[in-house]
Amino acid sequence: MHSETNAARVSRRTMLKTLAGAGAGSVLGAPMIWAQSLKDVTLMHVGPSYSIFEDIAAAASADLGFKVEMQNAWTDAIMARVVSQPDTIDIADLEFWAMQRIWRSQKLQAIDTAKITNWDKIIPLFREGRNFDGSDMSRQGTMPFEVQFAEGEGFASAPNGRATMMPTIFNADTLGIRPDLIGRDVTSWAELLNPEFKGKVALINVPQIGIMDAAMAIEARGDLTYIDKGNMTRDEIDATIAILIKAKQDGQFRAFWSSFDESVNFMASGEAVIQSMWSPAVTAVRGRGIDCVYKGLKEGYRGWGNGLGLMSHLEGIKLEAAYEYLNWMLTGPYGAFVARQGYYSSVPETTKASLSAEEWDYWYGGKPAAVEIKDPFGTVMEQPGRSRDGGSFEDRIGAIRCWNTTMDEGEYLVQRWNDFVAS
Amino acid sequence: MTPNRMSQLSVLPFTTILTVFTGLPLLMVVLLSFWTFDGLEYRPEFTLANFAAVFSSPVTWKIFGNTLRYAAITWAITLVLGFAVSFYLVFHVRNLKLQIGLFLLCTIPFWTSTVIRMISWIPFLGREGLFNTGLMQLGLIDQPLEFLLFSDFAVILTYVNLFTLFMIVPIFNAMAKIDKNVIEAALDAGATGFQILRTIIIPLSRTGIALGTIFVVTLVMGDFFVVRVMSGGQSSTVVSAMKNNIDQMYYPQAAAMAVLLIAVVLGMVATILRVVDVRAELAK
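Protein chains in written order, with the numbering used here: chain A, 2 to 424; chain B, 8 to 291.
It should be emphasised that the hints constitute simulated quantities derived from the structure, not laboratory data.
Straight-line alpha carbon distances no greater than 30 Å define the calculated DSBU-like cross-link-like pairs of lysine-lysine that follow: (1) B:K250 / A:K247; (2) A:K249 / B:K69; (3) B:K69 / B:K250.
Chain A extracted, bound-state conformation (with noise of 0.2 Å):
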């Protein structure tokens, strides 16, 4: 991968020598000028805690010759930040469904496709909205191609060559559990509800997260039938919202998390056995030594994407930065980055280049480890012979069957949901 960006590089100067030798003056001006202050230029990244990293702010600078500066905030934040402060962010390292909330703001710009090298080797459930197979993939939620394509203050319906954001990571989310302290095999949703786990239960305390993976429990267990878990209707949030309240009264849970940390402590020290997790999170506690178990489960999973956008205010040489810094992106230290971590990257090929073919077996192929698995941060976090549950790649996207989304009524589940904590 660093031998593509190199060419690039390469061909440049070759073309600024070509050009220099020609002797013609005029065109050499410009492409000078360019060179010279792109090393100036500094991009400032904002993104969440799992997709910021020093290390990868620093190969990207190292390999690009100017300066890539990354600010870690949550989602939420980001958002407000790119509609409120545009100027303090260069690009913003969104989940495809804040699109819903703050494209028609007009603060991102439209990213050229065409720009993009590695454009047609990022995954199809992105740039047409389908699984590897080629058939439809589950659309509850924001199914992130329905958010990929821009136009205007909306949304295209098929792929038009301006991509609201770059799509760079994404997973397929189900609960974590502690297979030493359960004894049995945990196969669906609805044991989140079973009280068998009474008072050994956590969720996320975000409410559109939460209530999803309570739906996937709810629907898994033949109480609801949702038509769109990613859109409730306010009945629905309220039946949800209900069940949830007697569950909690009943004192199925034993807390709610709100940081990343917390769900590594609740699951690490035992106060909970089975919770909605993040894949980073299992890996840390595995980290610890302790068995931790991201359970693949027969209802599917919740997925998420996250992008890089476009500020409108990038512009000439920081623009093309921009585009630079893109592009570099997709080349596999990031996506090698995140795989250690259990994430998926949009552009696998590279990705694969930048791993070992271990790592490569071990988080795509969902084969048994043949060495030792290291985190990001070089901590052993799998012995060999144990494999990642929930197979493949394949296996696990096209298992997708609902996606983090923004709800119409989101106002609403808000204050439902502040209702449920405080029951």
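Chain A is fixed; fit chain B onto it per the hints.
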């Protein structure tokens, strides 16, 4: 420079800080609570919709009730503790150096951060925490006590741990000012210990009690972090509900709730100040 000008000048820095960093943001919050919001941006069009939504929701009353309940319980416990500790320090410890030494001892926990003092309860109280393991090893219980952590108990315990000093300091200060001769005179006149406490010490400590009350009540009413962490997110206060709204970019309801909370807290403080003339007492 006239003394008047001097005093004006000396309050200038604080006035500036208060105006710029408290006054203006507060004014913004009040303004925003009356503005229209389209889910993305504010428009300066007057609306009462935000307040209508807040007032009409039973959740608002539930979480205000819950917040006041936390404040009342914490207040009662910290008051008893604060009063008892101050009473002991002032009237039982005769040696001034020892008195100051013991008082400083009370502040030692404050040498670490609030967050650390709070978080450190978690491994202690947890299901497999020190306390439960200890009790089980002593054979006192068979099952770990679940109510210890992620419960109202844990929240109140932490509040008491964090805020008792705010009660001790003003009460200690007020008690230390009580003239010992008054108590001697009462004793000579045949008053019982309880009579002295009720008719002399409590009335003369009331400034301290009032100030301590203001500290503790406003701290509890404005908290969301302790309740979120120690209740394991299972309990809600006004500010934690506001935080949920803010996190989802639904600012107007949060602003309206903030205004309501400020009104309630101001009301409480005003009542306390009406009952006890803190200014006059402090000037003594």
